[in-house]
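Enquirer: These protein sequence lines are chains W and Y, in that order.
Letter by letter, the first sequence follows residues 28 to 144 of our numbering.
Letter by letter, the second sequence follows residues 491 to 603 of our numbering.
Treat each hint with caution, since some may be false.
Stated by the list, open to error - The calculated lysine-lysine pairs, modelled on DSS-like cross-linking and capped at a C-alpha distance of 30 Å, are: (1) K68(W) x K91(W); (2) K41(W) x K93(W); (3) K93(W) x K82(W); (4) K548(Y) x K558(Y); (5) K47(W) x K91(W); (6) K539(Y) x K68(W); (7) K82(W) x K558(Y); (8) K68(W) x K41(W); (9) K69(W) x K91(W); (10) K93(W) x K69(W); (11) K558(Y) x K69(W); (12) K93(W) x K47(W); (13) K47(W) x K69(W); (14) K548(Y) x K559(Y); (15) K82(W) x K41(W); (16) K559(Y) x K69(W); (17) K539(Y) x K69(W); (18) K41(W) x K69(W); (19) K558(Y) x K68(W); (20) K82(W) x K69(W); (21) K91(W) x K559(Y).
Just so you know, the hints here were simulated from the structure itself, not pulled from any lab data.
Predicted, not measured: the structure shown is a model, and the values here were computed from it.
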Amino acid sequence: GAVVSQHPSRVICKSGTSVKIECRSLDFQATTMFWYRQFPKKSLMLMATSNEGSKATYEQGVEKDKFLINHASLTLSTLTVTSAHPEDSSFYICSASREREAAYEQYFGPGTRLTVT
Amino acid sequence: AQSVTQLGSHVSVSEGALVLLRCNYSSSVPPYLFWYVQYPNQGLQLLLKYTTGATLVKGINGFEAEFKKSETSFHLTKPSAHMSDAAEYFCAASWTSGSRLTFGEGTQLTVNP
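This is chain W alone, in the form it adopts within the complex (with noise of 0.2 Å):
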């Protein structure tokens, strides 16, 4: 139990469009999911955290008007990356917690690579 998938896998797109990517928890329902970023070598960086039904809270430097993130039912969250540029360009993954699991453990999806051209 505890999948977490994440869709597309791979995405290009031109620069100034905006792509929409999905994270889901096939068999659990997640009260909390959270999106990352991960460049190439580094660790994971914290964009957001969202809570079903609630607006996200995004971290300090993450611009909340470029990256949207909606959770709109216990199964699923969005990040859109709107009007991208290349730098946006990164590794992208998402994770949830399971509702009122107490080992605060994460569940990760397995990313979605996006290249802006």
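Use these hints to put chain Y onto chain W, whose structure you have.
Expert: This is chain Y only, laid out in the frame that chain W set:
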């Protein structure tokens, strides 16, 4: 500030040798602690975690880690490295409710034949 430090961004071992990946946290309050593994272009897979109870934790793929409060450490070990263990390893800690994780910088493990 609470942080996680992984000593050694690259560790290289021979196949069959002991694997030791170091992780320390900085806080007077012990956190929940996790080790994750990441293979190229993939997400993170949980190897093991420490929450409460026994300080020696066994995980998947023969890995284990020991929580030492006095040393604020949670080092990851495996008695005998396998080629398939080559990957990036991340130590992470959680001090707050809501599962927010603080990650170390990661350690790239190379296993030589």
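Enquirer: Which of the stated hints cannot be reconciled with the structure, identified by number in ascending sequence?
Expert: 7, 21
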